[in-house]
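2 protein chains.
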Amino acid sequence: MSKRKTIVFIARSLDGYIAGPGGEIDWLDMVANPKRDDMGYLALMDEVDAIIMGRNTFDFVANYEGPWPYPKKVFVLSNSLQSVPEHLVDKAEIIKGTPQAVLNSLGERGLHTLYIDGGVTIQSFLREDLIDEMRVTTLPLLLGAGYSLFGDMDKRLTFEHQSTTVYLGQLVQSRYVRKDIEF
Amino acid sequence: MSKRKTIVFIARSLDGYIAGPGGEIDWLDMVANPKRDDMGYLALMDEVDAIIMGRNTFDFVANYEGPWPYPKKVFVLSNSLQSVPEHLVDKAEIIKGTPQAVLNSLGERGLHTLYIDGGVTIQSFLREDLIDEMRVTTLPLLLGAGYSLFGDMDKRLTFEHQSTTVYLGQLVQSRYVRKDIEF
Numbered sequence: 101m102s103k104r105k106t107i108v109f110i111a112r113s114l115d116g117y118i119a120g121p122g123g124e125i126d127w128l129d130m131v132a133n134p135k136r137d138d139m140g141y142l143a144l145m146d147e148v149d150a151i152i153m154g155r156n157t158f159d160f161v162a163n164y165e166g167p168w169p170y171p172k173k174v175f176v177l178s179n180s181l182q183s184v185p186e187h188l189v190d191k192a193e194i195i196k197g198t199p200q201a202v203l204n205s206l207g208e209r210g211l212h213t214l215y216i217d218g219g220v221t222i223q224s225f226l227r228e229d230l231i232d233e234m235r236v237t238t239l240p241l242l243l244g245a246g247y248s249l250f251g252d253m254d255k256r257l258t259f260e261h262q263s264t265t266v267y268l269g270q271l272v273q274s275r276y277v278r279k280d281i282e283f
Numbered sequence: 101m102s103k104r105k106t107i108v109f110i111a112r113s114l115d116g117y118i119a120g121p122g123g124e125i126d127w128l129d130m131v132a133n134p135k136r137d138d139m140g141y142l143a144l145m146d147e148v149d150a151i152i153m154g155r156n157t158f159d160f161v162a163n164y165e166g167p168w169p170y171p172k173k174v175f176v177l178s179n180s181l182q183s184v185p186e187h188l189v190d191k192a193e194i195i196k197g198t199p200q201a202v203l204n205s206l207g208e209r210g211l212h213t214l215y216i217d218g219g220v221t222i223q224s225f226l227r228e229d230l231i232d233e234m235r236v237t238t239l240p241l242l243l244g245a246g247y248s249l250f251g252d253m254d255k256r257l258t259f260e261h262q263s264t265t266v267y268l269g270q271l272v273q274s275r276y277v278r279k280d281i282e283f
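If you're matching them up, the sequences are chains S and A in order.
If you're matching positions, the first sequence starts at 101 in this note's numbering and goes up one per residue.
If you're matching positions, the second sequence starts at 101 in this note's numbering and goes up one per residue.
Isolated chain S, as found in the complex (with noise of 0.2 Å):
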């Protein structure tokens, strides 16, 4: 049996966007959070081994002002990309290949508890039936317009609904893992 648990955490708007049209993400920060409360970030960067975002999410990441946010190594999956910036060399790798071959990979690695970052990743996973996990949470506004969290598949994917906890007030995020129901 699969040691494999791949887990998605991501914010998005109340229709379903992770970021504006023009990549904005202002509206994260729409709801003040004068303690500075994690949302469970930081208990799912404990968690997981490592991490697997694509090209977009790592070069904002990477020419993002501030300390570097993951203390697990990352994974840039790019079949573009040919190295990374000198400074983070020794925080991000380049993975190319298939969802499920950066998976056994990974896997062989000693690697099996993932956080999948990134809308165009996300949904590449997803297609393949490959999130074990999803933790989403909902800000409460209509962006009208953006990158959409979820996109097309050609299949129903069902999940069961473990908790939902409402950060802020304002936050509504929800954990889903991946089971299949028959209705």
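Note that these hints are calculated values from the structure, not bench results.
Here the structure is a predicted model, which means the values were calculated and not measured.
Hints should not be assumed to be uniformly reliable.
Said to hold, decoys possible - Computed cross-link-like contacts, SDA-like style, restricted to lysine to any residue with a CA-CA straight-line distance of at most 20 Å:
1. S:279 / A:269
2. S:191 / S:146
3. S:279 / A:268
Following the hints, position chain A against chain S.
Coordinates of chain A only, in the frame set by chain S:
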């Protein structure tokens, strides 16, 4: 000050669809509901003065076998429909015009608290910022394709989260009221 209160009460998949690509709504029954919890529907019916829905939703409900589900007058927003079926003449009425004109017209008749139903109708009201409250129930599945609850809009709309209730351990219902939030 307007006495108007427009309320959306609707279920959607985790990826934001209210029906599958062929109009499928079988997934609304994916979670066993042996005690037939109405999940707030009857309280809503008590609360509202009338219901506004679009042509598509009306056609669907009018052709549905089983008892007529609305204890309040239904207004069918349609510029093409000329009359309602004979057996529904005391239950439903056709109304024409823009969302604002419809609300004005119903307000003059003393109908202020209104349940707004159907994807196209909800979207047309949201585009004119005419929705005061949304009660959205999210089911634990990805449909992959279908009819979206929300549509493209030119501007953002912020809401205030009021409460979240989990029904049957699986269905996450969140209540939002429209409020301009500065951030």
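Taking the hints in turn, this is what the structure says about them:
1. S:279 / A:269: Holds. Residue 279 (chain S) to residue 269 (chain A) sits at ~15 Å (cutoff 20 Å).
2. S:191 / S:146: 16 Å, holds
3. S:279 / A:268: Within the cut-off at roughly 16 Å; holds.
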